[in-house]
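There are 2 protein chains.
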Amino acid sequence: MQLTWFTDYGLRLLLFAAAHPDRRVTVAEVASAYQISRDHLMKVSQRLTQLEMIHATRGRGGGLQLAQDPASLRLGAVVRALEPDMNLVECFSPLTNTCRISAACRLKGALLRARRAFLDSLDEHSLADVVGDPEALRALWASGPAPPDEASQRP
Amino acid sequence: MQLTWFTDYGLRLLLFAAAHPDRRVTVAEVASAYQISRDHLMKVSQRLTQLEMIHATRGRGGGLQLAQDPASLRLGAVVRALEPDMNLVECFSPLTNTCRISAACRLKGALLRARRAFLDSLDEHSLADVVGDPEALRALWASGPAPPDEASQRP
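Top to bottom, those sequences are chains A and B.
Using our numbering, read the first sequence as starting at 1 and increasing by one per residue.
Using our numbering, read the second sequence as starting at 1 and increasing by one per residue.
No lab work stands behind these hints, which were simulated from the structure alone.
Just so you know, not all the hints are guaranteed correct.
Just so you know, same-sequence chains aren't split out, so a pair can sit in one copy or run between any two.
[What the hints assert, rightly or not] Taking lysine to any residue pairs in the SDA-like style, the calculated list, with each CA pair at most 25 Å apart, reads:
{"#": "1", "residue 1": "K43", "residue 2": "T98"}
{"#": "2", "residue 1": "K43", "residue 2": "Q2"}
{"#": "3", "residue 1": "K43", "residue 2": "G61"}
{"#": "4", "residue 1": "K43", "residue 2": "M1"}
{"#": "5", "residue 1": "K43", "residue 2": "A28"}
{"#": "6", "residue 1": "K43", "residue 2": "T96"}
{"#": "7", "residue 1": "K43", "residue 2": "F92"}
Small disclaimer: the values here were computed from a predicted structure and weren't measured.
Please model the complete structure; the sequences and the hints are all you need to start from.
Quick look at the structure:
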């Protein structure tokens, strides 16, 4: 069970913008801060603009800024909007379902409740909550590549 | 956000076995009941056997039966065991993480809590809970292909 890179990058971009409330940020600098693809991030920023979660300004001095109050933007809302598909299993969508028992299946109900618990848990946090101390985050973004993890140091 | 077909089929197989407590079931009949791939289901049954969730008996009269009390088998435990990867985003695993801020990132904490809420919600249900009325399920498995959904009837 994974979120798509699209949602992952969307959350990262929103976090970066929220941690720089005093100015516009650019796709290039966000890509550099996380060492991720600029092209991928561009697609995500276009979607976030469509969703009116960020506002994009073109031209010299242009860039991206949050279009919503980060204290009001809930993480569950972001995930719901960015994930292409929250259908945990085939029977969640009438377009894909082929299962004979879905009308009476309690397994489906249990999975639907679990998805609700997941999103409700995310909705307990606003974007402002997860920014916390923006200075600490800004220092980490500026710190260069992440140190290799212990696991990758094993011979 | 989706579960893999592997987990989906595993849950279906366990449900089928739990709804037929008086006898062994075969991969062929489970595949036929759900109209899903017998080969795929065979791989899932091998994994469930390794996990000691089902017991497989070879030869004439052989087949699969639950190896655990369905009232004790929690859905969260099944999903944890069958999903190849519960790493919602890159930073959940030290093997894949490249993010500079993960040490201080509250977004990661929020996603970890959401995953916990998902699995805890599933753990509220045992396999026996979701079987409910096995006769109703058996009637549906025997009923032939699922009727086309409304959506697919649109011209």
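Since the copies are identical, ignore which copy is meant and state whether K43 and F92 lie within 25 Å (CA to CA) inside a copy, between copies, both or neither. between (27 Å within a copy, 24 Å between copies)
When no copy is named, should K43 and Q2 be tagged within, between, both, or neither for a Cα gap of at most 25 Å? both (20 Å within a copy, 22 Å between copies)
Give the relationship of K43 and T96 under a CA distance limit of 25 Å: within one copy only, between copies only, both, or neither. Between. Shortest inter-copy distance 22 Å satisfies the 25 Å Cα cut-off; intra-copy 27 Å does not.
Is the C-alpha distance from K43 to A28 at most 25 Å within one copy, between copies, in both cases, or in neither? Close inside one copy (13 Å), not across copies (45 Å); limit 25 Å.
Is it within a copy, between copies, both, or neither that the alpha carbon of K43 lies no farther than 25 Å from that of G61? Answer is within: at 20 Å inside a copy they meet the 25 Å cutoff, but 57 Å across does not.
Are the CA atoms of K43 and T98 at most 25 Å apart within a copy, between copies, both, or neither? between (33 Å within a copy, 20 Å between copies)
Within, between, both or neither, where K43 and M1 count as close if Cα-Cα is 25 Å or less: both (23 Å within a copy, 19 Å between copies)
Every hint, counting from the list given before, is met by this structure.
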